[in-house]
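Engineer: This is what each chain is made of:
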Amino acid sequence: MSTPLISLQAASVQFGATAALREVSVAIHRGDRIALVGANGSGKTTLLRLLNGLLRPSAGQRLAGQGAARPVTAMVFQKPFLLHFSVRRNVQLALWLAGVPAQDRVQRLQGALDRVGLGALAERPARALSGGQQQRLAMARAWAVQPDILFLDEPTASLDPSAKREVETLIDEFGRDGMAVVMSSHNLGQVKRLSQRVLFLDGGRLLADLPTDDFFRRPDLPSEAVQFLKGELPWA
Amino acid sequence: MGLNTFPLRLARRALLACALGLAASAQAQTPFIVMASTTSTEQSGLFAHLLPAFKAATGTDVRVVALGTGQALDTGRRGDADIVFVHDQPAEEKFVADGFGLKRLPVMYNDFVLIGPAADPAKVRGSDIAAALQKLGASSTAFISRGDKSGTHAAELRYWKQAGVDLAAAKPAGYKECGCGMGPALNMASSMGAYVLADRGTWLSFKNRADLQVLVQGDARLFNQYGVMVVNPARHPHVKQGLAQGFADWVVSPAGQAVIASYKIGGEQLFFPNANK
Amino acid sequence: MDAFSQSVGLALNLITQADATLWRIVGLSLRVSATACCLGAGLGLLMGAWLAVARFRGHGLVVGALNTLLALPSVVVGLSVYLLLSRSGPLGSWGLLFTPTAMVIAQSVLVVPLIAALSRQLVSDALREGGDELQAMGASRLLAAVLLLAHERVAVFTVLLTAFGRAVAEVGAVMIVGGNIDGVTRVMTTAIALETSKGDLPLAMALGLVLLGVVALINLAVGLTRRASQTPLALGAAS
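Chains as they are written, first to last, in this note's numbering: chain A, 1 to 236; chain B, 237 to 513; chain C, 514 to 752.
Hints listed in this document are in silico derivations from the structure and should not be mistaken for laboratory results. Take the hints with a grain of salt, since some may be wrong.
EDC-like, lysine to aspartate or glutamate: derived pairs with alpha carbons at most 20 Å apart [stated by the list, open to error]:
hint: 1; chain 1: A; residue 1: Lys79; chain 2: C; residue 2: Asp645
hint: 2; chain 1: B; residue 1: Lys385; chain 2: B; residue 2: Glu413
hint: 3; chain 1: B; residue 1: Lys443; chain 2: C; residue 2: Asp713
hint: 4; chain 1: B; residue 1: Lys291; chain 2: C; residue 2: Glu665
hint: 5; chain 1: B; residue 1: Lys385; chain 2: B; residue 2: Glu329
hint: 6; chain 1: B; residue 1: Lys476; chain 2: B; residue 2: Asp297
hint: 7; chain 1: B; residue 1: Lys339; chain 2: B; residue 2: Glu329
hint: 8; chain 1: B; residue 1: Lys443; chain 2: C; residue 2: Glu665
hint: 9; chain 1: B; residue 1: Lys443; chain 2: C; residue 2: Glu708
hint: 10; chain 1: A; residue 1: Lys79; chain 2: C; residue 2: Asp638
hint: 11; chain 1: A; residue 1: Lys79; chain 2: C; residue 2: Glu642
hint: 12; chain 1: B; residue 1: Lys385; chain 2: B; residue 2: Asp447
hint: 13; chain 1: A; residue 1: Lys164; chain 2: A; residue 2: Asp114
hint: 14; chain 1: A; residue 1: Lys79; chain 2: C; residue 2: Asp713
hint: 15; chain 1: A; residue 1: Lys230; chain 2: A; residue 2: Asp202
hint: 16; chain 1: B; residue 1: Lys291; chain 2: B; residue 2: Asp485
As the structure is a prediction and not an experimental result, all values here were calculated from the model.
Whenever a hint applies, use it, and build me the whole structure from the sequences.
Structural biologist: This is the structure:
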């Protein structure tokens, strides 16, 4: 097994009196395609933010890039925050913030927009785009910085079915291109389609860390997971 | 990020505005002095008549900051003016005695008048100010006092004293202090039908008279003496002594005195030069 | 009502006669207030952005103090700046009292709290919406705050217009530090105060109407340029 890009060792996150995450240990490797599942409030968003370094653990450890360079990460949120500028400027900003040198920015910008199919809309104000287009722009922003890991927090939850398909296709392609993908989702069909490994959270604890097939078929899952699957399946 | 984003365009326009603003305020190199004087003198229009003549004679600008007499003298004490031109002889003499001013030069006088409603309910009409104020003190008709440490206010207090009315002990029934300038005081008197002590200059320029009239004038005590003092450079080394002295010397010279005498409103002379009397 | 219509007539007369003195006074009013808003914006926007992200003990106190300064009377500002710039004061040797520069300084002091308080609120609200995402992209908190100022530039512009309104309409500060010197530091508001104190109320009111008219024209110009710059975007709205 290669060295993990990011790993957590018994990491906990406390918000005031609430324990959002309790002693979670997990490792993300290159090429992983992971789905985070769990009920609302189980800690999926907190875990994503902790993995991405937006939060510090109140206890335990977060290690990134042991020995090698720190991994480049990008994150896509359920509702993308786009600035009141053009599509092009929004991607430019991401490149600039990531410290990409000026001479590479033009190429990467064009490449990113073409990759997600927004090349023709480069000069449009970002906020004038449809929901699906905006999320694709968020994907372009992420792709442009060439991340080692892409984190996604319920990326298609607010989209209509055709937009959902467009974004799922992109996530799938990014994964096949070699990006590690860590995605939280309520949509179990999506989980089956896009992930190879499932992390199940309940009450801030990581109760299962299994290959996707196993998660959906094994009889000896923790009871919370069984209930979760039962509760969710009619909606999948 | 291109240079044409809205915020940058705005910033460029703003910087241009700032540059223009500051450039325009870098005033011409004309030599100037700052003169602290009184609102009543400025509002009489004397300076608009006098100062251009001075500039023509010497090339010096005079920047007048018009305040109440007390404030004007304070400005001189602080060194924020080069020369002081007010009309309160006791206060001026103290100013010099305390070392804030060089010699006090008398320049001119105008006079105060007692203004009141044409009907004159307190029956003060005449030419004796002390008698008039005595009657006012006894009646309950409204009297407006400026109450602002101005030369006019100081004179008013002196006349009450001469009339035997002790304001500290008991103010007359209609006595109202407004803490304001001559114009607002006249406005108040006009709207209330009250009495008020005013300098003739402001009264002649005052347009909002309603039924107010001059009721008492001509009493020698009503004459209002103006004096000019250069601020002492020993106290404030930055004072432009040469230029300021130039104004003081000019205004008491025959040329300056003639300009003062030639200032008229509606054919009436306002100020009477008396520098060398 | 008669006095009012007299004033309107006077105001129109003043404008059509293109009185040179009047326009010099109007020009000075606009220059002083615009310059003060530039300086105030530079300082105030940064302060607002910083306060929106800074975390330190006493942060609440600073914000409370800033909000209190919103009610700072212009006369108090004028007095404070006067005492600073007076020859007997600490900055007396600069010789700035009774000059337009002193007026710019006083009005800057007046508008900085306004701009800072309003932009702090603006940035704070915007951070709630997008602070996480900007942070995820690699921006520090302060950089995110500054980026959000550019993002919310329309709201920022409204804040600056508000500050300009406050500055151009005030009389207490410029009267005290400027001295209302004819031809040097006389601005619209001090001219109005002067005519009022002389008892010439119709003229004072007329000057007030002229001032309002000039500011209305500026707002009109601003509105038109905004609409013009938005047109290409409106045409290119998403399908």
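Engineer: Work down the list of hints and note, for each, if the structure agrees.
Structural biologist: Results of checking the hints against the structure:
Only pairs whose Cα atoms come within 20 Å are accepted, and Lys79/A paired with Asp645/C is accepted, the gap being roughly 12 Å. A C-alpha spacing of about 11 Å is found between Lys385/B and Glu413/B, which places the hinted pair at or below 20 Å, so the restraint holds. Under the criterion of a C-alpha separation no larger than 20 Å, the hint pairing Lys443/B with Asp713/C is consistent with the structure, at around 6 Å. For a cut-off of 20 Å, the pair hint linking Lys291/B to Glu665/C is broken: about 53 Å separates their Cα positions.
A C-alpha spacing of about 16 Å is found between Lys385/B and Glu329/B, which places the hinted pair at or below 20 Å, so the restraint holds. For a cut-off of 20 Å, the pair hint linking Lys476/B to Asp297/B stands: about 12 Å separates their Cα positions. For the hint linking Lys339/B to Glu329/B, the alpha-carbon distance of about 9 Å falls within 20 Å, and the restraint holds. Of the supplied pair hints, the one linking Lys443/B and Glu665/C is violated, its CA atoms being roughly 52 Å apart against a limit of 20 Å.
Simply put, Lys443/B and Glu708/C have alpha-carbon atoms about 11 Å apart, close enough for the 20 Å limit, and the pair holds. Taking the CA atoms of Lys79/A and Asp638/C, the gap is near 17 Å; set against the 20 Å cutoff, the hint holds. For a cut-off of 20 Å, the pair hint linking Lys79/A to Glu642/C stands: about 10 Å separates their Cα positions. Of the pairs offered as hints, the one joining Lys385/B and Asp447/B is violated, with about 28 Å between alpha carbons and a cut-off of 20 Å exceeded.
Under the criterion of a C-alpha separation no larger than 20 Å, the hint pairing Lys164/A with Asp114/A is consistent with the structure, at around 19 Å. For a cut-off of 20 Å, the pair hint linking Lys79/A to Asp713/C is broken: about 62 Å separates their Cα positions. For the proposed pair Lys230/A and Asp202/A, the alpha carbon gap of about 15 Å is at most 20 Å, so the pair holds. About 14 Å separates the Cα atoms of Lys291/B and Asp485/B, which keeps this hinted pair within 20 Å; it holds.
The structure fails to meet hints 4, 8, 12 and 14 from the earlier list, while all remaining hints are met.
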